[in-house]
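**Q** My request is simple: use the sequences and hints to build the entire structure.
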Amino acid sequence: MKTEHWLDHPRNIKRLWRGFLAVLALTLIAGFVVDLHPHFAVEGWPGFYAGYGFLTCLLMILGAKALGWLLKRPDRYYGRDERDD
Amino acid sequence: MTSALILHPGLVLIGGALLLPFLRGTARSAAVLAIPALALISLWLLPEGELWRIAWLDYELTPLAVDKLARLFASIFALMALIGGLFALRQENRLEVPAAYVYAGSAIGVTLAGDLISVFVFWELMAVGSTLVIWSAGTPAAWAASRRYVAVHLAGGMILFAGITGHILATGELGFTAMETDSVAHWLILAGFLINAGAPPLSAWLPDAYPEASWSGTVFLSAFTTKTAVYVLLRGFPGTEILIWLGLFMIFYGIVYALLENDMRRILAYSIVNQVGFMLVGIGIGTEMALNGAAAHAFTHIIYKALLLMSAGAVLAATGRRKCSELGGLFHSMPFTTLCGTIGALAISSFPLTSGFVSKSMVTQAAIDGHLQSVWLLLAAASAGVFLHAGIKFPWFVFFQRDSGLRPPDPPASLRWAMGLFAFLCIAIGVWPQPLYALLPYPVDYAPYTAAHVITQLQLLLFSGLAFFVMLDALKRTPTITLDVDWLWRVAGPAIARSAHEIWQEARARLAEASAARAAAVGALLARHRQPGGLLLRSWPSGGMALWVMVMLLANLLFYYLG
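Same order as they appear, the protein sequences are chains A and B. Going letter by letter, the first sequence gives residues 1 to 85 in our numbering. Going letter by letter, the second sequence gives residues 1001 to 1563 in our numbering.
Keep in mind that a hint or two might mislead.
[Stated by the list, open to error] With a Cα cut of at most 25 Å, we get these calculated BS3-like pairs of lysine-lysine:
| id | chain 1 | residue 1 | chain 2 | residue 2 |
| --- | --- | --- | --- | --- |
| 1 | B | K1476 | A | K72 |
| 2 | A | K65 | B | K1476 |
| 3 | B | K1476 | A | K14 |
| 4 | B | K1323 | A | K65 |
| 5 | B | K1323 | B | K1476 |
Please keep in mind that the hints were generated in silico from the structure rather than gathered at the bench.
**A** Here is the structure:
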């Protein structure tokens, strides 16, 4: 009983993406228009928050990937000792 | 104030919990809601000050002492018990809600305790209540997890007890007031508190145990233990610098592990550690703004984390599945749960107009006011990371992403009401923060809604959202877990114990083998002398006897002369 939802249409997904990118652009523009009262020097860089948010997230994802490469195990890893209990 | 109005809200909950097993049907449901409501009312009727004094041995205990900080935490704990009770009305296990009320009542008991002994008593009762909540899920995995959980907490309790004893011996003071990390006893107290906060190195107890509870049990668990720890740290160790660094570690530990995690409730469990990290940073900074921020964030966090776990619990109850790799597309048939889960996700990410925005930003502001640039930079990265691991990842993989084909309906009314009420609070506090600010321990001089703050926060969050979708391939769910320090006591510890046992067995066998010939010789010698004609059993001639008597007499004579 699959029901059609407006989110199931690829066309609408594309529209959502366009809307999202437009909002991103708007926040960037607003950052130039409004005085952001920078406290630290780095805050004064144009688009600092946007760039910083994007880059640190990339770093966190890559860092997590690297750690996962070391520490990931199949999810039945602890399974055996729990059945024993 | 007449003493008739003074009821201990924690004992109301605990007493009520003991009453619940005797009730059935509608009476029980009514009691489940009335007990925490009564606790909340009795709390708000309490005046400030030390209300109960009890003489015990040489000490005077104050198990009921109220100030603004205590009332703030006790209020959110009682409210959490009420809405959690509503959410759990359809829980079939009859142990879980009473256990949760003992747990909540003892958490309130800690917040209202004016002396360290009362703190300790309620602290331990909390461990019992929470263990029973995990246990009542009734699965083998929950049983195993509850045993590991209680072991960590009893060890933590012992460390705390040692610290409290040392503190009382050294100072003769029982009162629970701010301490310095200037003695072994105080370090032990700090360590005991930190274990419950989910701080390193033992953080793993939390994501190990909480997600094994039932669909409603995890909601209770998320609220009390860690936030009680935040409360005692706020009161006991404000401005202790090490808390800043521990907090920052917890923040990034939570993000990285949550990014790697596949189980939806383990994602949220890691994000509890992450959020408590923000509170610890605030406590460590220690200014009035920072302490207010930590307290406010604990308050809002309990609400939105419970909301997130309720939406996850509703999905678990409806589908029986908990792995992101097996979920997805649930927005089709669970629109209300999707909406509530998304509101919780926006609140945890501190989106403008949600509760997280007005609380977490006070901690960030305190870092700015203190000119702590590196702390501030890390907090800003962490805010982006929260949106990444909880704000988008959780709703995306559970409710959206690829369609799993599952079409479970939204949950029954009691669950919907509980989620709806907390979703409402997430928005209401975000839009209208003044009532929360009025409850905080210090006067608040802070306006969260400035154009600059809203724009910078939106830039930070939306661009981290962009990073999520750009990197979606790297975030694909795999049916894996990530090893954490609990590996030490689940795999390494037992393995060491097993091999030590084997080595001992081996050594004993070798020893037995090597000494077998010698032991046999000794045995044969003994046996020979115990036979007729042997040294012990042969008959001796009476002449020999007379000779020995003569020798004795001569010796006697000799010694007599010498003496």
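**Q** Under the constraints set out in the numbered hints, which ones does this structure not fulfil?
**A** Violated hints: none; all satisfied.
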